[in-house]
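Chemist: These are the residues of each chain, in order.
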Amino acid sequence: MSAPATPLAPPRRRPARLRTPRRPAAGPRRRRRSLPLTLLTGLVLLYALVPLVWLFVNATKTQAGLFDSFGLWFDGDFALFSNIADTFTYDDGVFTRWLLNTLLYVGVGAGGATFLAILGGYALAKFDFAGKRAVFAVVIGAVAVPSTALAVPTFLMFSKMGLTNTPWAVILPSLISPFGLYLMWVFASEAIPGELLEAARIDGSGEIRTFFRIGLPLLAPGIVTVLLFTMVATWNNYFLPLIMIKDPDWYPLTLGLNAWNAQAATAGGEAIFHLVITGSLLTILPLIAAFLLLQRYWQSGLAAGSVKE
Amino acid sequence: MATVSAPLRAARRRRSWTGWGFIGPFMAVFALVFLAPIGYSVYLSLFRDQLIGGNHYVGLANYRQALQDAQFWESLTRVSLFLLIQVPIMLFLALLVALALDSGRLYGRDFFRIAIFLPYAVPAVVATLMWGFMYGTRFGLVGNINDAFGISLPDPLSPDLVLAAIGNIVTWEFVGYNMLIFYSALRVIPHSMYEAAEIDGAGQLRVITAIKLPAIRGALVIATIFSIIGTFQLFNEPAILQNLAPNAITTDYTPNILTYSLSFSGQQHNYAATVAIIMGLLTMVVAYVVQLRGMRKDA
Chain A
0 MSAPATPLAP PRRRPARLRT PRRPAAGPRR RRRSLPLTLL TGLVLLYALV PLVWLFVNAT
60 KTQAGLFDSF GLWFDGDFAL FSNIADTFTY DDGVFTRWLL NTLLYVGVGA GGATFLAILG
120 GYALAKFDFA GKRAVFAVVI GAVAVPSTAL AVPTFLMFSK MGLTNTPWAV ILPSLISPFG
180 LYLMWVFASE AIPGELLEAA RIDGSGEIRT FFRIGLPLLA PGIVTVLLFT MVATWNNYFL
240 PLIMIKDPDW YPLTLGLNAW NAQAATAGGE AIFHLVITGS LLTILPLIAA FLLLQRYWQS
300 GLAAGSVKE
Chain B
0 MATVSAPLRA ARRRRSWTGW GFIGPFMAVF ALVFLAPIGY SVYLSLFRDQ LIGGNHYVGL
60 ANYRQALQDA QFWESLTRVS LFLLIQVPIM LFLALLVALA LDSGRLYGRD FFRIAIFLPY
120 AVPAVVATLM WGFMYGTRFG LVGNINDAFG ISLPDPLSPD LVLAAIGNIV TWEFVGYNML
180 IFYSALRVIP HSMYEAAEID GAGQLRVITA IKLPAIRGAL VIATIFSIIG TFQLFNEPAI
240 LQNLAPNAIT TDYTPNILTY SLSFSGQQHN YAATVAIIMG LLTMVVAYVV QLRGMRKDA
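In order, the protein sequence lines correspond to chains A and B.
In terms of numbering that gives the first Met the number 0, the first sequence has 149 at position 150, counting the first letter as 1, and numbering is strictly consecutive.
In terms of numbering that gives the first Met the number 0, the second sequence has 261 at position 262, counting the first letter as 1, and numbering is strictly consecutive.
It should be emphasised that the hints constitute simulated quantities derived from the structure, not laboratory data.
We treat Cβ as the ideally placed atom computed from N, Cα and C, and that holds for glycine.
Check the hints yourself; a few may be wrong.
[Claimed, not checked] Which stretches of chain B does chain A cover? Using the computed rule of at least three CB atoms under 8 Å from a CB of chain A, they are:
| hint | region |
| --- | --- |
| 1 | 27 to 39 |
| 2 | 103 to 110 |
| 3 | 120 to 126 |
| 4 | 259 to 266 |
| 5 | 271 to 279 |
[Said to hold, decoys possible] Pair by pair, the computed Cβ-Cβ distance ranges are:
| hint | chain 1 | residue 1 | chain 2 | residue 2 | range |
| --- | --- | --- | --- | --- | --- |
| 6 | B | L212 | A | A288 | 52 to 62 Å |
| 7 | B | S79 | A | S158 | 44 to 54 Å |
| 8 | B | D159 | A | F69 | 19 to 29 Å |
| 9 | B | I144 | A | A288 | 27 to 37 Å |
[What the hints assert, rightly or not] Below, a sample of chain A positions facing chain B; criterion: calculated Cβ distance under 10 Å:
| hint | residue |
| --- | --- |
| 10 | K125 |
| 11 | I207 |
| 12 | I244 |
This is chain B alone, in the form it adopts within the complex:
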């Protein structure tokens, strides 16, 4: 008995180290660029660098400061508003297109699928510059339309409308990506479920609400979580639009722009790390709640 189990155990132990040989390189880099910065920012957030006294431990004082900071709340309110309006519009549009593709009733389905996805391959910089130019009243489409019809459309880059203008850019970039996630999930629904519905005489709408939507709930939750993460770290689009709309976009427009300005214009690294940690925690909590609610079987 012992003679059999000893080599077996040895084999198993050797195999366990082989696994680490393959995942080791990933984990090493992961520790350097994920775990170490997280640890470092927690450390930074507990200290303060002052002219008098130098670097010293302040406990949670930076966190208290952030939670009472009007700039921080203003930026957080702005991305929350964005989250409540842009994300549902984008996901709903993506879902409609995915259902249309999946219905099998479109002419040129494959062309639709690839063409609507294409904006995902466009860098945020190019997407923002492109839309920013089109929004422009000088050589943009808005200017063209104004000239052609002798009207004066409201300037999309004015302070009142710029958030909606950013929402449009983000929707354009990601509607196809989300559509593809939904479509991929729809395609693997077993055909037998539709046959059962057909026998029951269920209509298209009933098939969608009773079969398709429940079947792709996982994909819906994942897309929502990705969108929440993306929204809370909104940076590229407003930051690049700043050149075209300097008055509309402030240095505390989103939490991420605030972090960036704090660290690179204000040299307030400790405070910037604190804001980043608060946003990271908030993102994780919201994502977790969405997952819990979304994955509940009786929801």
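Extracted from the complex, chain A is given alone in its bound form:
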């Protein structure tokens, strides 16, 4: 726990290159590329990517094409764009509704969770207050409580409060991310010098103003990390909405896709596997894009977190 955490883990190889040439053989020898090792790791890479390739390839097929063409290669006609159009228009455009619901849950849920974690982490890192140790103990203990163990009692409680079947039932539990709080605490301890806050206070800046003008900008990489991980958690959430939401109009994408898939098994239900597959592809694209575009931020954020652990 006491190891120094740097927001950006220093790349170890760089000093090796700049080292004095006393033992010139040492550096290059260790960094020599190995083809066998690359090929071996390539197997894991294939394992990770083949299902995603399968998903893309099959999103370009018609319902009939799915059944009579090889899974990892394209069918005669490239139906990706008509599939996308069908996905958005099927059943009066219910997919669009689910997409908007997901955006609502992610926007308010993950956005709110990140905001609460920033405030909380800042408090734990930069203030001394009564009951701080108790807050730590309770929140760390909560990480070990399986969140699904809480789902049933939360449902019963929310149904007494009349919250089930409303967006609040999904949003409220999403607002708490103990991991996010932990990460922000680590980040705030390292990234915000206490003297800077002290100087602002002496200049007469209020606590809220100090937080927004000085604390918040310094926390940016940590914020991106927490935001990405809470976004994944809410975007991908299945169990919580499954319990809380009965009305398909309030379904997020995950529940909707599962309902489309289950439709084939019901009596008289139309099999729409091509839409399930295309819808799945559309569901994962935004998150994959976010991870790829923001990698610089979240990888340094994770590195900082892992040191404290």
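Given chain A's structure and the hints, the job is docking chain B onto it.
Modeler: Positioned in the frame of chain A, the structure of chain B alone reads:
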């Protein structure tokens, strides 16, 4: 003296309330969605709702019932088996990849790192549907392979193999995430330790066992604990696979599916809360033991 210390004490007291101003919103929501449900489920587990007599206090009777419930034990045995087989395979694979990345001997290291991590961004629903389709003998890869080679591979969605099929899905989803945790920990090992090993003439394998693995023990313990928590609450993958393999996955397949069916099909809320509490306690105990053993300096 008094004139100096009084404002100081005042300042300190004011600051303590400022801290609460920042952590207060988190704690308020936390109390609503964490503490209150825990308290409520403890309350529920001590009562029973019966046709005759209504809601009444039964002490620990629900707990005794659960511990003698064959369905509960069967589901617990299943996730324990999963824990003993899938988690070590997944973590070992993640560790191998992390060590390979860290060795600096891979071509295209950054591409490997991000590509192997990507499945983490895929929702469990999509991962399960995707693998479920691929497992299928109709338009899945298994069906393709059977057709192409004129063979008949065993059906991954049959009752005998479906647990392994789920294990594969979970491994696919989380191997990259665990790899990243290990890799991040490996990267911050001070370079001086390697120089010392080099002077001693230690080989790659020796460097791994003597320096790298001990240095990332914390990360290994954390990843193990997260995996235990995840396994004990296994729900999404089997529940979604149920549509594709209705005969293989029962309503008591995992403790969590059992809790879900008890509460939403059986209306046995009190008993469901009891099972949930037992699983929560079990998870915490196992996680605590792993942490104690893993963090011991002489281990």
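Chemist: Each hint: holds or not?
Modeler: Status of each hint after checking the structure:
Using a Cβ-Cβ cut-off of 8 Å, 10 residues of the region 27 to 39 of chain B lie near chain A, which meets the minimum of three, so the contact claim holds. With a threshold of 8 Å between beta carbons, the proposed coverage of the region 103 to 110 of chain B by chain A holds, since 5 of its residues qualify and at least three are required. Counting residues of the region 120 to 126 of chain B whose CB lies closer than 8 Å to any CB of chain A gives 7, so the stated coverage by that chain holds, three being the minimum. Requiring three or more residues with a Cβ within less than 8 Å of a Cβ of chain A, the coverage given for the region 259 to 266 of chain B holds, as 3 such residues are present.
By the rule of at least three residues with a Cβ nearer than 8 Å to a Cβ of chain A, the coverage given for the region 271 to 279 of chain B holds, with 6 such residues. As the Cβ distance of L212(B) to A288(A) is approximately 35 Å, the hint placing it in 52 to 62 Å is violated. Against the hinted window of 44 to 54 Å, the Cβ-Cβ separation of S79(B) and S158(A) comes to about 32 Å, which falls outside the hint. Between D159(B) and F69(A), the C-beta spacing of about 27 Å keeps the proposed range 19 to 29 Å intact.
Taking the beta carbon of each, I144(B) and A288(A) are about 32 Å apart, inside 27 to 37 Å as hinted. Nearest Cβ of chain B to the Cβ of K125(A): about 8 Å, under the 10 Å cut. The hint holds. At its closest, the beta carbon of I207(A) sits 8 Å from a beta carbon of chain B; the interface hint therefore holds under the 10 Å criterion. Proximity of I244(A) to chain B is violated relative to the hint, the smallest CB-CB distance being about 13 Å (cut-off 10 Å).
When each numbered hint is compared with the structure, violations occur for hints 6, 7, 12.
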